[in-house]
Amino acid sequence: MPPAVPFSRITLVNKAKAEAYISLQVTMPDGKYSIIEYPVEGSIKIEAPVGSYVYVAWVGGRKMTGNFRLHQGDELLITLYKDRIAVK
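Here the sequence shown is numbered in the working numbering, starting from 611 and rising by one per residue.
There may be inaccurate statements among the hints.
Calculated pairs, DSS-like style, for lysine-lysine (alpha carbon to alpha carbon, straight line, at most 25 Å) [unchecked claim]:
1) Lys627 - Lys673
2) Lys642 - Lys692
3) Lys627 - Lys698
4) Lys655 - Lys673
5) Lys625 - Lys655
For the record, the hints were derived by calculation from the structure and aren't laboratory data.
The structure displayed is predicted, hence computed values, not measured ones.
Using the sequences provided together with the hints, build the complete structure.
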């Protein structure tokens, strides 16, 4: 992550007992766009740029999509279940 980009922390948790993968597509406040992708096994903590996100997750071969906003100072939890994604 470049130093000029404000970021916050996201914890990704796989509770599906299945293979899971997530693609986080962010538009940052300055209009720049980035995609960050992770296989999710157990729990991982990441640092992600602040902005507006669209996510695409595959859990056990099932595709799920959604969106959220990440603000500076946020600590977000994204939990992947076999039939839904919870963002808190």
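For each hint, the structure was consulted:
1. Lys627 - Lys673: Status holds; Cα separation ~16 Å.
2. Lys642 - Lys692: violated (32 Å)
3. Lys627 - Lys698: This hinted pair holds, its Cα atoms lying about 20 Å apart.
4. Lys655 - Lys673: Holds: Lys655 and Lys673 sit about 22 Å apart, inside 25 Å.
5. Lys625 - Lys655: Holds, at about 15 Å.
Violation of the numbered hints given earlier is confined to hint 2; every other hint is satisfied by the structure.
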